[in-house]
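S.K.: If you want the building blocks of each chain, they are given just below.
Protein chains: 6
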Amino acid sequence: MKFIETLREGERVGDIYLCKFRQAAVTKNGKSYENVILQDKTGTLDAKIWEPNSQGIDDFEVLDYVYVVGDVTSFQGALQLNIKRVRKANEGEYEPADFLPVSHRDIDEMYQELLQLIGQIQDPYLKQLTDSYFVTNENFIKAFKFHSAAKSVHHGFVGGLLEHTLNVMKLCEYYANQYSFLNRDLLYTAAAFHDVGKIRELSAFPENDYTDDGQLLGHIVMGVELVGASIRRIPGFPKKLSSELKHCILAHHGELEYGSPKKPALAEALALNFADNTDAKMETFKEALASGGDNTDWLGYNRLFESNIRKTSI
Amino acid sequence: MKFIETLREGERVGDIYLCKFRQAAVTKNGKSYENVILQDKTGTLDAKIWEPNSQGIDDFEVLDYVYVVGDVTSFQGALQLNIKRVRKANEGEYEPADFLPVSHRDIDEMYQELLQLIGQIQDPYLKQLTDSYFVTNENFIKAFKFHSAAKSVHHGFVGGLLEHTLNVMKLCEYYANQYSFLNRDLLYTAAAFHDVGKIRELSAFPENDYTDDGQLLGHIVMGVELVGASIRRIPGFPKKLSSELKHCILAHHGELEYGSPKKPALAEALALNFADNTDAKMETFKEALASGGDNTDWLGYNRLFESNIRKTSI
Amino acid sequence: MKFIETLREGERVGDIYLCKFRQAAVTKNGKSYENVILQDKTGTLDAKIWEPNSQGIDDFEVLDYVYVVGDVTSFQGALQLNIKRVRKANEGEYEPADFLPVSHRDIDEMYQELLQLIGQIQDPYLKQLTDSYFVTNENFIKAFKFHSAAKSVHHGFVGGLLEHTLNVMKLCEYYANQYSFLNRDLLYTAAAFHDVGKIRELSAFPENDYTDDGQLLGHIVMGVELVGASIRRIPGFPKKLSSELKHCILAHHGELEYGSPKKPALAEALALNFADNTDAKMETFKEALASGGDNTDWLGYNRLFESNIRKTSI
Amino acid sequence: MKFIETLREGERVGDIYLCKFRQAAVTKNGKSYENVILQDKTGTLDAKIWEPNSQGIDDFEVLDYVYVVGDVTSFQGALQLNIKRVRKANEGEYEPADFLPVSHRDIDEMYQELLQLIGQIQDPYLKQLTDSYFVTNENFIKAFKFHSAAKSVHHGFVGGLLEHTLNVMKLCEYYANQYSFLNRDLLYTAAAFHDVGKIRELSAFPENDYTDDGQLLGHIVMGVELVGASIRRIPGFPKKLSSELKHCILAHHGELEYGSPKKPALAEALALNFADNTDAKMETFKEALASGGDNTDWLGYNRLFESNIRKTSI
Amino acid sequence: MKFIETLREGERVGDIYLCKFRQAAVTKNGKSYENVILQDKTGTLDAKIWEPNSQGIDDFEVLDYVYVVGDVTSFQGALQLNIKRVRKANEGEYEPADFLPVSHRDIDEMYQELLQLIGQIQDPYLKQLTDSYFVTNENFIKAFKFHSAAKSVHHGFVGGLLEHTLNVMKLCEYYANQYSFLNRDLLYTAAAFHDVGKIRELSAFPENDYTDDGQLLGHIVMGVELVGASIRRIPGFPKKLSSELKHCILAHHGELEYGSPKKPALAEALALNFADNTDAKMETFKEALASGGDNTDWLGYNRLFESNIRKTSI
Amino acid sequence: MKFIETLREGERVGDIYLCKFRQAAVTKNGKSYENVILQDKTGTLDAKIWEPNSQGIDDFEVLDYVYVVGDVTSFQGALQLNIKRVRKANEGEYEPADFLPVSHRDIDEMYQELLQLIGQIQDPYLKQLTDSYFVTNENFIKAFKFHSAAKSVHHGFVGGLLEHTLNVMKLCEYYANQYSFLNRDLLYTAAAFHDVGKIRELSAFPENDYTDDGQLLGHIVMGVELVGASIRRIPGFPKKLSSELKHCILAHHGELEYGSPKKPALAEALALNFADNTDAKMETFKEALASGGDNTDWLGYNRLFESNIRKTSI
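Residue numbers (this note's numbering), protein chains in the order written: chain A, 1 to 314; chain B, 1 to 314; chain C, 1 to 314; chain D, 1 to 314; chain E, 1 to 314; chain F, 1 to 314.
There's no promise every hint is true.
Under the rule of at most 30 Å between Cα atoms (straight-line distance), these lysine-lysine pairs were calculated in the DSS-like manner [claimed, not checked]:
| # | chain 1 | residue 1 | chain 2 | residue 2 |
| --- | --- | --- | --- | --- |
| 1 | D | Lys311 | E | Lys84 |
| 2 | A | Lys239 | B | Lys142 |
| 3 | B | Lys170 | C | Lys41 |
| 4 | D | Lys127 | E | Lys84 |
| 5 | C | Lys84 | C | Lys145 |
Chain A is nowhere near these chain E residues, computed Cβ spacing over 10 Å in every case [said to hold, decoys possible]:
| # | residue |
| --- | --- |
| 6 | Val26 |
| 7 | Val102 |
| 8 | Gln122 |
| 9 | Tyr125 |
| 10 | Asp212 |
| 11 | Leu226 |
| 12 | Lys281 |
| 13 | Gly300 |
| 14 | Glu306 |
These aren't lab readings, by the way, just hints derived from the structure by calculation. Glycine is no exception: its CB is placed at the ideal position from the N, C-alpha and C atoms.
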């Protein structure tokens, strides 16, 4: 197939894409048309159906895979597809994995790295808890590997939750080596579970949007509930350890105004907060620089970093 | 017995009090003595044991009931007890209820009012949930009636949690009457449970202090967990309703910086936030004015209200 | 007449509306046209006059009542009126009350409720003061009943100031019953007057916009000045009571950053702040939900509540 | 008389001072004594009456002028008076002006400068308004010249309100010369009246403390009321000009969180805010440096300036 | 030449302007055109080249001086130039000074005033330092006189840096006269140098935009580095004085959140902060009022002043 | 010698300590005495000289090494030394290193680790710059190894600046490995120099207090000046690289309100900010837990972490 990032002005397209968005609109002159956004794993493409009688215009909905025929044009410096006709694609005609943004790293390889870190946990209760998710729960493992870590911002792609969790665990491994007063078992367990609530906060791809529960409760509290329910099934799990683990998850955003109902009160909670924040911000910066392509000049004001940003000269 | 609020300078005391605090200290001149705080339901009293050989000085600990003999003096405008001798009191010599601060209202009467409001809940799932706590769970009911709503600040007395919860429910009753778009059943249920986590956040009297879980998790999250666990035992409890109820509890502090991990997204969550805040602040203001006694002049800067405050002239 | 909320795409319209706004504009292609907003009591409607030679185009101004003929079309999901011809309507052709947003409640009925509450005031000075406005001052009463409580946001309709003031007084009645240390007379009087400055801060309908004084002084200070002037005409009005009443009005926004130059220092000022804030926010939430129509899904991010909001499921 | 700033350790004192404060206290060893603060125009002095039977100890109250006999000692680097005996002084024995902190500048001379600036006002209404206070109102003039501009902080001395007002007016004169778009008449009038509310916010010397009205209403609102009442007595005073003048007074603290209910919306309001803030802070800095005596080293953290401060080396 | 501020709708233009901006665009209907902004010292003008084959369209770039022929039209209330043909102008055809916004005051006259103030500096080291820039460094003087003080906001014109610096020095002269504890030499020197870093923070006209160094380091730190380098070349310059001068420059924004890494710790640093802030805000207010032309009504919400603003009525 | 951490109540002491503080004081009863703080590398000890005629009392000053004879007592739970006599110790009687708090790690070993990391820098200019400090400048190396990183808080001991710098560099090494878009050379160089300004901000041990320059300029700006001066001595050092390096140092506190005049605009500046913050906070937490000794209970409210903190249970 012809991936979106390879399209050039003037080309004629005849291929299948995921319809991420569609909405009826009217021009200044009163003419009806359709705004459409198409997506594959390499990016998104604005498209228009200018003719109200275009073939197939009434046959598809958002999140359908559609076969479109049209011409690539350019509008205000960005490419745009002028759709001539369209039809909903049949299952089997396409490979869903081609249409979703996906981690640059190999998902199974990352998961093996994660398992290797989890395998270092010695405490029998924490080991039993992490194994019950990351080693033996097939449904969880499948969902965890496929999920994103965000709707947009950082790690908003298939495998993003895994990649972020792995990065956080590796930072925690570094911290545990460097700051020996940290308890490695608690820190690793908290890191492994810190964002599992995102599996319920965001729907699976291709939708990848906030769920009702995500809006009402958020991934922090849902993560704590999920871990709490599992702990209750482990006989003899120490009460104090259970609260400490939940605290680390609750406090991992570091500040009340960032949605943590408690500030870090344990060293491991503080360390997890640093690991989470460091990886999230570094990845966000990486993505912001990447969106600038080869541009080595200033990229404009970035709201998250509250600064104009640019690539380094060397 | 001679209650603390009735003591006057110059009296000799010989009676039983609860020892709330004791600590060894040394004067500027190097002389050892003991700082003690005694308590009964009418207040607390600073006391000193100046003589290191005072009889009984080594026989009691914090939270013991003690029989003390001593003289009431005055230091910097406040009363102080100069303890001559002391002994630990025996069970049966005292009535614990006399030694704890307690609501001015009758506890059973308040509980009946609460039940009357809970009885108005129509939705079968919410009714089953509230009944499982407030009607049929004897241990919970006993603990709930005895608990305070705070370590200090507002409603920090036996029955305080009940009194505050009742006041919040009555405000919610008013709101549901006045603002008819509110769902009465959800609002009443959320109000009934909004602070139940305090039973685990604060230890029971006479200690009434933050627990380990209280520090690590807080009453908001513990309340949600408790309600969540009970909902799981009610077959058919609607998923969406469960999340809405938990959301109301999570959001009842109204702002992230006040410890709610979510801002109110439902009208009932907003209403609960107003009810909780109104009753907490009005009670705090009442207690602040009461601590000024008959003083009708300015009472000094109050940190919570960020203002000097005084009684109204009419 | 055909009210705006009943119009449907494709209809031809020939009726009178209030012209709320008009401005000349030019299309991308350089063609002149007119942007117009029409209003009746059920809502507003975007309209365009595409033909520069349309009949009557030069005959009307903002805030005129106009008879328009045109076709209802749809642009980006909202209705739009394509005006063919227009003329200024003559007095007598229309009923002004049909063209302004108005309270859903009966205005005279609300006023009677307000009088009943004011009638409970016992203190002779406060009674004389409130009567001099709400009972005997015909001009004031007429203006008060017709005014809105806001330019937009909450209670921005005819009768809005009355409805909000009544709701605040009823909340204060509840508080006075529930928190017996509050002085009922002071609280009721302060509630009755708390927003009277809005009569000068906002011009009367149909304009309902900030006045010069409103921008320079604001309704809080103008309300205090107005009350102060009236108090000076009441012989023997106690000095302290006068200051307490003014303080309640000054402090009713609760925080300096919300425009109150003093924080509440009296219990009644605090109670009034809660009543005002509760009613304003509950009404705003109600209006926000109502604007979503039958939509039971999330309604999008609400800036005031700093949250995505939605209707409750039960 | 022997002024406080001239006292030295080891001296015996026998002179009259103003008693600014007295309170009973008890030593760690249980001995009663009296804490007293004495004042004259050169400063204040901590004093103690160690002997409960000291002659005259029961004969005086706060704000009495007292004749004291005692010895000057040193405690933790500061002088302290060990009072042996005391009696209330008779009127005629002392000159009140000797006992109050007073401006270093000549009060009448400053007032003449102020009048010269006020005399430049050309607008007939503003001229009539300012004359009615600063030229013809004997009581006001007397009070204005004697008042302080603060309880402590800056200009907290007799003549302080005059000195601050004069400095603000002179800064406004400079601004009006430098920024010609400013209206000189409005700016001068606003400057003259900006702090007149302090005459009611602070009681007169020797008390110089917040009044009940000062706490409830503040000098900004009281100043506006005062000016408003006077304007009503001037026939034909333009409505718009009246609001502009009041706005300048309301907005002169510059920020809502500093107690101005409106931000400056007119250039003159902004200029007045700068003049007020500049003079207040420069005077406060001057007083902070002066309190360090000849110390050229760092003077410690200053809370207002949020910095350690010191004198400049050249 | 025909200055931009004199153009009227319907005129044909044939004259030279500075091209401040150009960018290709596409209409809703898919037609290519060019967006251009032209500038002379009286303002800027939006222009369009609708015909892709217009003569000269490929011959010019941003910051070229271009001769354009076209018609003045009106779009949404603002003038627009419809360019018919264009060519790059030759050097000698135009006078660069005609195309840049420039101070209303005479630059050489202002510089003489500045020199007169600098001439008052007595301290030999500070005198040597200021002379080495403002008296003997021809390149610096030329750049300083030509530079703006901002990209937009206040003093964003040729001579703006000089005008602002002079105004700040004159305010400092006033302060030094009025507050005699200020050291005049340090204050004048700090004022003279406080914004010299802007010569490196903003590129010279006609670009007048943030440089790479400006973004990375800012004018405050670059100013300190520049002064520091010069001080090292003056034998015997007192170490303490050097740090005090640098401190004044570092702290002149007054608050950490405004980019000063230190709060004012010296009286001169505080005074400089007031002078800088006063002149910047007064000039900004002046420019905001000026942009409203003869409009005496409210000019709309101003983000910097956080208020709707308007001209004063008298 | 007998180190302070080994002293027990009741012991007689006769040994040399560093006098960190002394001040005359007076008891409540008017008796003069001396407050003294003694220090060795294991901690500090409060001491008193109660007898004004104690031998040697007039012979020593702050920062002298003194031989004291006295008895160890206990006051309010802490040890106190009752000094009987004292004399200034002679050089040679003591080993200064015994009297200062010192890193637990071997200083030379840490320095070798630092050199190994610096040795990885490839860019010739950055290599030349770092070598000119860390490899060839003997005076700098000696001062750098001996300095603390703070007056108190974290790393406030001999070797603290080295230990913190090494930890930050190791974190940066980890980041550079993990986030490959970071430029390792720039990041390492910035990390090596980020706190060198502390050598001038804090005086050397035993004083270890803020210098005049530290107060006026701060270590961030002084570090930039120092690096800037060295860069000027390296021919051909790229201008852009110089600004990027300075930017990383300027921005390493991450927020304007923490004293950085610029927010991070480059990825390396952001990474350095995370490394600095992570190590500072983790070390502070470690020191806070260590100060609690074996206490496994809550340690009380910690102002920096805005939470009560405690050791983890496993």
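S.K.: Now tell me if each hint is right for this structure.
M.R.: Against the structure, the hints come out as follows:
1. D:Lys311 <-> E:Lys84: Status violated; Cα separation ~67 Å.
2. A:Lys239 <-> B:Lys142: Holds. Lys239 (chain A) to Lys142 (chain B) sits at ~24 Å (cutoff 30 Å).
3. B:Lys170 <-> C:Lys41: 36 Å, violated
4. D:Lys127 <-> E:Lys84: It is violated: about 60 Å lies between the C-alpha atoms, which goes past 30 Å.
5. C:Lys84 <-> C:Lys145: Status violated; Cα separation ~38 Å.
6. Val26: Label violated. Min Cβ-Cβ 5 Å, cutoff 10 Å.
7. Val102: 28 Å, holds
8. Gln122: 42 Å, holds
9. Tyr125: 37 Å, holds
10. Asp212: At roughly 8 Å from the nearest Cβ of chain A, Asp212 (chain E) sits no farther out than 10 Å, so the non-interface label is violated.
11. Leu226: With a cut-off of 10 Å, Leu226 (chain E) remains clear of chain A, as the shortest Cβ separation is near 22 Å.
12. Lys281: 23 Å, holds
13. Gly300: 23 Å, holds
14. Glu306: 19 Å, holds
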